[in-house]
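Chemist: The opening position of the first sequence corresponds to residue 1 in full-length UniProt numbering, with each subsequent residue numbered one higher.
Keep in mind that a hint or two might mislead.
Okay, derived cross-link-like pairs now, DSBU-like style, lysine-lysine, Cα gap no bigger than 30 Å in a straight line [said to hold, decoys possible]:
id: 1; residue 1: 738; residue 2: 788
id: 2; residue 1: 344; residue 2: 480
id: 3; residue 1: 379; residue 2: 446
id: 4; residue 1: 405; residue 2: 379
id: 5; residue 1: 324; residue 2: 193
id: 6; residue 1: 319; residue 2: 498
id: 7; residue 1: 498; residue 2: 379
id: 8; residue 1: 405; residue 2: 367
id: 9; residue 1: 419; residue 2: 440
id: 10; residue 1: 679; residue 2: 440
id: 11; residue 1: 225; residue 2: 165
id: 12; residue 1: 344; residue 2: 379
id: 13; residue 1: 319; residue 2: 480
id: 14; residue 1: 193; residue 2: 272
id: 15; residue 1: 527; residue 2: 498
id: 16; residue 1: 703; residue 2: 440
id: 17; residue 1: 419; residue 2: 446
id: 18; residue 1: 679; residue 2: 703
id: 19; residue 1: 272; residue 2: 324
id: 20; residue 1: 679; residue 2: 689
id: 21; residue 1: 405; residue 2: 689
id: 22; residue 1: 787; residue 2: 480
id: 23; residue 1: 228; residue 2: 344
id: 24; residue 1: 272; residue 2: 165
id: 25; residue 1: 498; residue 2: 344
id: 26; residue 1: 228; residue 2: 193
id: 27; residue 1: 719; residue 2: 581
id: 28; residue 1: 738; residue 2: 719
id: 29; residue 1: 527; residue 2: 379
id: 30; residue 1: 225; residue 2: 272
id: 31; residue 1: 319; residue 2: 225
id: 32; residue 1: 319; residue 2: 272
id: 33; residue 1: 581; residue 2: 703
id: 34; residue 1: 379; residue 2: 440
id: 35; residue 1: 588; residue 2: 405
id: 36; residue 1: 679; residue 2: 738
id: 37; residue 1: 446; residue 2: 478
id: 38; residue 1: 588; residue 2: 324
id: 39; residue 1: 581; residue 2: 480
It should be emphasised that the hints constitute simulated quantities derived from the structure, not laboratory data.
Given the structure is predicted, the values throughout are model-derived calculations rather than measurements.
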Amino acid sequence: MSNSKKVHTKFGEPSTEESTAANSAEVVQELDQDVQGQPSSSTNSKKRSRKRNKNKNGTGVTSEPTAAAASAASLESQPSIPETKKNKVFKFDVDEKKEEVTESNKIENTAEEESTQEKKPNDKEQVKPQRKKQKTHKVVEFFSDDEESNFRDTRGSNQPQQSLKQRASQLLSTRSNLPVYKSREQIMNHLNKNQVTILIGETGSGKSTQIPQFLLEQIPRDSKKQHKGIAVTQPRRVAAINLATRVAEEHGCPVGTAVGYSVRFDTTATHKTKLKYLTDGMLLRECILDPELSAYGVIIIDEAHERTVLTDLLMGFLKELLVKRNDLKLVIMSATLDAERFSKFFHSAEILFVEGRSYGVDRYYTKAACDDIVDSAIKSIVQLNQGEQEGDILVFLPGQEEIDKAVGILERLAPDLPKEAPLIVPFPLYASLSPADQAKVFLPLKARRRKVILATNIAETSVTVPGVRYVIDSGLRKVKLWRHSLGLSTLLTAPISKAAAMQRSGRAGREREGKVFRLYTESDYLKLPDQTEPEISRVNVTSPVLMLKELGVEDILNWSWLETPGEDSLISSLTQLYQLKALDDSGKITPLGHEMAILPLEPQLAAILIKSHREYHCLSDVIDIVSCLSVDNLVLNPSSETRDDVNERRRAVCGLGCRYGDLIMLKELLDCYLQFGNKDREERTQWCKDLALSSRGFRNVLKVRQQIRQYMMTLTKDKHLFQDIENDEEDDIEYGSKPMDIPAILKSFLTGHTTNTAIGLPDRSYRTTTNGSLIAIHPSSLLFGMKKDAIMFTDYVYTTRGYARNVSVVELEWLQEICGGVLKVNAANNEN
DNA sequence: GAGCACTGC
Numbered sequence: 001m002s003n004s005k006k007v008h009t010k011f012g013e014p015s016t017e018e019s020t021a022a023n024s025a026e027v028v029q030e031l032d033q034d035v036q037g038q039p040s041s042s043t044n045s046k047k048r049s050r051k052r053n054k055n056k057n058g059t060g061v062t063s064e065p066t067a068a069a070a071s072a073a074s075l076e077s078q079p080s081i082p083e084t085k086k087n088k089v090f091k092f093d094v095d096e097k098k099e100e101v102t103e104s105n106k107i108e109n110t111a112e113e114e115s116t117q118e119k120k121p122n123d124k125e126q127v128k129p130q131r132k133k134q135k136t137h138k139v140v141e142f143f144s145d146d147e148e149s150n151f152r153d154t155r156g157s158n159q160p161q162q163s164l165k166q167r168a169s170q171l172l173s174t175r176s177n178l179p180v181y182k183s184r185e186q187i188m189n190h191l192n193k194n195q196v197t198i199l200i201g202e203t204g205s206g207k208s209t210q211i212p213q214f215l216l217e218q219i220p221r222d223s224k225k226q227h228k229g230i231a232v233t234q235p236r237r238v239a240a241i242n243l244a245t246r247v248a249e250e251h252g253c254p255v256g257t258a259v260g261y262s263v264r265f266d267t268t269a270t271h272k273t274k275l276k277y278l279t280d281g282m283l284l285r286e287c288i289l290d291p292e293l294s295a296y297g298v299i300i301i302d303e304a305h306e307r308t309v310l311t312d313l314l315m316g317f318l319k320e321l322l323v324k325r326n327d328l329k330l331v332i333m334s335a336t337l338d339a340e341r342f343s344k345f346f347h348s349a350e351i352l353f354v355e356g357r358s359y360g361v362d363r364y365y366t367k368a369a370c371d372d373i374v375d376s377a378i379k380s381i382v383q384l385n386q387g388e389q390e391g392d393i394l395v396f397l398p399g400q401e402e403i404d405k406a407v408g409i410l411e412r413l414a415p416d417l418p419k420e421a422p423l424i425v426p427f428p429l430y431a432s433l434s435p436a437d438q439a440k441v442f443l444p445l446k447a448r449r450r451k452v453i454l455a456t457n458i459a460e461t462s463v464t465v466p467g468v469r470y471v472i473d474s475g476l477r478k479v480k481l482w483r484h485s486l487g488l489s490t491l492l493t494a495p496i497s498k499a500a501a502m503q504r505s506g507r508a509g510r511e512r513e514g515k516v517f518r519l520y521t522e523s524d525y526l527k528l529p530d531q532t533e534p535e536i537s538r539v540n541v542t543s544p545v546l547m548l549k550e551l552g553v554e555d556i557l558n559w560s561w562l563e564t565p566g567e568d569s570l571i572s573s574l575t576q577l578y579q580l581k582a583l584d585d586s587g588k589i590t591p592l593g594h595e596m597a598i599l600p601l602e603p604q605l606a607a608i609l610i611k612s613h614r615e616y617h618c619l620s621d622v623i624d625i626v627s628c629l630s631v632d633n634l635v636l637n638p639s640s641e642t643r644d645d646v647n648e649r650r651r652a653v654c655g656l657g658c659r660y661g662d663l664i665m666l667k668e669l670l671d672c673y674l675q676f677g678n679k680d681r682e683e684r685t686q687w688c689k690d691l692a693l694s695s696r697g698f699r700n701v702l703k704v705r706q707q708i709r710q711y712m713m714t715l716t717k718d719k720h721l722f723q724d725i726e727n728d729e730e731d732d733i734e735y736g737s738k739p740m741d742i743p744a745i746l747k748s749f750l751t752g753h754t755t756n757t758a759i760g761l762p763d764r765s766y767r768t769t770t771n772g773s774l775i776a777i778h779p780s781s782l783l784f785g786m787k788k789d790a791i792m793f794t795d796y797v798y799t800t801r802g803y804a805r806n807v808s809v810v811e812l813e814w815l816q817e818i819c820g821g822v823l824k825v826n827a828a829n830n831e832n
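Hey, can you work out the whole structure from these sequences and the hints?
Modeler: Structural data, given as structure tokens:
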């Protein structure tokens with residue numbers, strides 16, 4: 001630490017915090033990477049020990065009335081709070097008592113490093129016996145390297161029942177050392193006595209794998225009586241799949257039997273499944289089919305602190321369902337103190353705390369605010385590389401632009417740096433990077449090299465890179481903000497919250513003690529909001545509102561929102577649904593609205609799809625385009641060196657796209673992809689590479705397409721809806737041979753995008769028809785720089801100026817025909 | 001003539 005002080009002259013004194021908010025779902029995501037053949041972390045600690053003090057009863061669990069959590073939440077402003085209480089909860093911010101807390105952590109560090117030496121006595125008496133106890137469990141951790149390789153072996157192989165059982169009993173010793181396992185009795189007593197339980201569990205507590213199993217083990221295995229099942233929701237698909245796989249193994253059964261999962265396009269659960277991991281979106285789908293959720297006796301909402309729109313909706317829905325179903329139990333699992341809100345929401349349900357296992361992270365702040373974040377990040381990386389011991393560096397930057405810039409600078413800089421320090425090897429990491437490029441961050445490096453991963457928010461929860469010991473945090477992120485008054489969303493660079501800063505720094509403490517270098521001052525840190533604003537308060541809620549209408553909620557404004565999106569936002573969503581004819585004059589859902597709610601698409605796209613069938617008779621082409629639109633990162637951003645070539649090739653393939661715009665381009669690209677067929681896989685992959693398209697993206701497009709076709713056949717009760725297409729596919733007739741009815745396709749889209757239109761001006765800029773603001777065609781569009789009478793776009797982004805993305809050419813007459821009312825507004829604007 | 005964070009059905 002003294003060494004680092006010398007080197008990091010820019011930073012102030014270190015302070016220490018516990019890493020928080022990371023959770024067991026992330027742990028399994030590491031596992032996923034291993035399953036996919038990526039190297040596991042060889043440095044993964046064999047000696048993981050707990051740093052957290054236990055409470056007096058020694059179980060690691062405390063059942064507290066909510067007032068205790070409230071006092072814990074306001075920790076900063078109550079320096080007189082007893083030490084024992086502080087240790088029960090997360091320390092979001094210990095800066096005001098930095099010395100005190102650093103001191104206590106120092107003692108703990110010492111105890112760990114000198115494991116044979118008896119700990120010096122201190123004033124925290126209750127800590128002492130517990131620490132002794134934990135030392136005996138040091139070798140045990142959630143996933144050791146050995147565990148993971150064994151896990152790989154058994155997964156997917158058809159092992160006899162006996163060996164599955166053997167494996168399960170082997171795993172039992174690992175399980176039984178998890179903090180949650182030790183508190184089993186207490187937790188289960190509480191769960192059995194209460195309808196709602198809020199559980200805060202830190203990283204590595206094992207809550208996501210163990211608590212569902214405790215509940216499962218209460219159900220007799222071979223009971224003839226029908227027992228209601230357990231559902232565990234996750235915000236991410238990969239987490240649901242991996243947790244189910246792991247838990248099935250611990251339970252000694254193949255996935256898809258007693259334990260299974262259900263995510264879009266991939267379900268292993270059957271009617272026999274008693275414990276099901278599923279995405280929150282999937283459970284909401286089940287709500288539509290069965291509003292009583294009668295298949296379940298217990299619902300567990302995991303990762304509730306992430307506050308995704310879908311989790312929030314589920315909690316509101318379940319709150320109402322609990323009144324109707326006295327036998328239903330609900331467990332809300334969270335990793336942060338935000339649980340206080342959950343408790344209040346569920347009529348002051350009690351909060352249980354379970355400790356976790358993670359390492360301390362020293363914090364450093366800059367002495368002055370940084371004006372150029374990329375420059376500051378580079379300087380910090382170089383300093384750190386020279387002054388600190390081995391360990392990889394994870395740098396959080398807001399977006400692709402900053403990351404690419406920083407990677408470029410580092411690549412030029414690295415060979416000229418002093419040779420005493422390890423060679424810096426930079427890796428970018430963001431979602432629109434191709435999977436192959438993303439995977440590079442997991443490759444091990446030769447000796448005397450240091451990995452520097454420059455990442456967006458993707459590394460905060462979705463991707464866990466092993467080996468990271470240092471985090472550099474710009475304190476910035478990109479946020480999509482929905483402006484309901486404009487009907488447009490903007491993408492802004494904004495400061496993160498304290499909770500997010502904590503989450504980011506926690507990435508340095510997953511395997512051993514780490515350090516975080518924050519590229520902002522401590523006083524700026526203190527000004528950050530405690531929690532990240534929940535998604536629901538900043539996004540377009542048209543889709544959630546339609547779902548609630550479908551579930552029979554009449555008074556949307558006064559529904560049991562965990563957090564209301566706001567009256568303006570709700571009213572604009574209701575208005576939009578009314579305009580799409582999903583709601584009638586009295587605000588009730590229409591038959592069309594019902595069909596839209598069933599389709600797994602944004603209401604706008606659903607409306608377009610149905611219109612394309614009933615009015616414009618071009619359903620199958622529109623399904624193809626809509627499928628492309630609903631897959632992320634299909635058309636990738638080419639790197640700056642290849643950009644011109646890629647654009648050239650795309651234009652060559654998309655003759656019609658060049659004339660009519662990006663929607664038609666998507667159809668042409670898909671047709672091209674399909675023409676390769678499965679015989680020419682290699683060629684097809686090369687083609688995708690040449691055009692900077694994602695093969696994985698296309699595979700998803702085909703899944704979505706298949707799903708939507710299925711839904712449309714059900715909705716129209718017409719089994720032969722796609723018969724001619726399917727015959728073509730069987731006969732291997734060339735794709736794209738049937739000419740598209742382009743006006744019909746574009747008119748279909750116009751019905752859903754009346755407000756996303758603009759009129760061309762002489763200088764190649766455009767004026768929107770809604771409020772007359774200036775907008776330009778985004779450079780990523782095939783129509784970039786072209787002058788057209790009128791355009792329609794699916795997306796709007798404001799950066800240096802307003803940009804329309806995914807642009808298509810429309811005719812002025814169509815605007816009059818389809819969005820007459822909108823044009824009048826435009827005329828009024830132009831007069832002003 | 002410029003550049004989009006992350007999820008879900």
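Chemist: Take the hints in turn and mark each one as holding or not.
Modeler: We went through each hint and held it up to the structure:
For the hint linking residue 738 to residue 788, the alpha-carbon distance of about 27 Å falls within 30 Å, and the restraint holds. At most 30 Å may separate the alpha-carbon atoms for a hinted pair to count; residue 344 and residue 480 meet this at roughly 29 Å. Proximity of residue 379 to residue 446 is assessed by CA-CA distance (about 24 Å); at most 30 Å being required, the pair is judged to hold. A threshold of 30 Å between alpha carbons decides the hint, and for residue 405 with residue 379 the separation of about 14 Å falls inside it, so the pair holds.
Between residue 324 and residue 193 the alpha-carbon distance is near 18 Å, which keeps this suggested pair within the 30 Å criterion. With a CA separation close to 29 Å, the supplied pair residue 319 and residue 498 stays within the 30 Å bound. The hinted pair formed by residue 498 and residue 379 meets the criterion: a straight-line CA distance of about 24 Å does not exceed 30 Å. Our distance criterion of 30 Å between C-alpha atoms is met by residue 405 and residue 367, whose separation comes to about 24 Å.
A C-alpha spacing of about 24 Å is found between residue 419 and residue 440, which places the hinted pair at or below 30 Å, so the restraint holds. Between residue 679 and residue 440 the alpha-carbon distance is near 28 Å, which keeps this suggested pair within the 30 Å criterion. With a C-alpha separation of about 24 Å, the suggested pairing of residue 225 with residue 165 holds against the 30 Å cut-off. Taking the CA atoms of residue 344 and residue 379, the gap is about 46 Å. The hint is violated against a cut of 30 Å.
At most 30 Å may separate the alpha-carbon atoms for a hinted pair to count; residue 319 and residue 480 meet this at roughly 29 Å. Only pairs whose Cα atoms come within 30 Å are accepted, and residue 193 paired with residue 272 is accepted, the gap being roughly 26 Å. Between residue 527 and residue 498 the CA atoms are separated by roughly 9 Å; this keeps the pair inside 30 Å, and the hint holds. Between residue 703 and residue 440 the CA atoms are separated by roughly 27 Å; this keeps the pair inside 30 Å, and the hint holds.
For the proposed pair residue 419 and residue 446, the alpha carbon gap of about 15 Å is at most 30 Å, so the pair holds. For a cut-off of 30 Å, the pair hint linking residue 679 to residue 703 stands: about 19 Å separates their Cα positions. Between residue 272 and residue 324 the alpha-carbon distance is near 25 Å, which keeps this suggested pair within the 30 Å criterion. For the hint pairing residue 679 with residue 689, the CA-to-CA distance comes to about 18 Å; that is within 30 Å, so the pair holds.
With a C-alpha separation of about 22 Å, the suggested pairing of residue 405 with residue 689 holds against the 30 Å cut-off. Restraint check: the Cα-Cα separation between residue 787 and residue 480 comes to about 28 Å, which is no more than 30 Å; the hinted pair holds. Restraint check for residue 228 and residue 344: satisfied, since their Cα atoms lie roughly 28 Å apart, inside the 30 Å limit. Taking the CA atoms of residue 272 and residue 165, the gap is near 19 Å; set against the 30 Å cutoff, the hint holds.
With a CA separation close to 22 Å, the supplied pair residue 498 and residue 344 stays within the 30 Å bound. Taking the CA atoms of residue 228 and residue 193, the gap is near 17 Å; set against the 30 Å cutoff, the hint holds. Taken as a hint, the residue 719 and residue 581 pair is honoured in the structure, with Cα atoms around 26 Å apart against an allowance of 30 Å. Distance check on the hinted pair: residue 738 and residue 719 sit about 22 Å apart at the alpha-carbon level, within 30 Å; holds.
At most 30 Å may separate the alpha-carbon atoms for a hinted pair to count; residue 527 and residue 379 meet this at roughly 25 Å. Proximity of residue 225 to residue 272 is assessed by CA-CA distance (about 12 Å); at most 30 Å being required, the pair is judged to hold. Distance restraint check for residue 319 and residue 225: the Cα-Cα separation of roughly 28 Å lies within the 30 Å cut-off, and the hinted pair is therefore satisfied. Simply put, residue 319 and residue 272 have alpha-carbon atoms about 27 Å apart, close enough for the 30 Å limit, and the pair holds.
Between residue 581 and residue 703 the CA atoms are separated by roughly 28 Å; this keeps the pair inside 30 Å, and the hint holds. With a C-alpha separation of about 24 Å, the suggested pairing of residue 379 with residue 440 holds against the 30 Å cut-off. At roughly 51 Å between alpha-carbon atoms, residue 588 and residue 405 are farther apart than 30 Å, so this suggested pair is violated. Restraint check for residue 679 and residue 738: satisfied, since their Cα atoms lie roughly 22 Å apart, inside the 30 Å limit.
Note on residue 446 and residue 478: the hinted pairing is violated, with a Cα-Cα distance of about 34 Å set against a maximum of 30 Å. In summary, the hint linking residue 588 to residue 324 is supported, as the alpha carbons are separated by about 23 Å, within the 30 Å threshold. For a cut-off of 30 Å, the pair hint linking residue 581 to residue 480 stands: about 27 Å separates their Cα positions.
When the structure is compared with the earlier hints, violations turn up for hints 12, 35, 37 and for no others.
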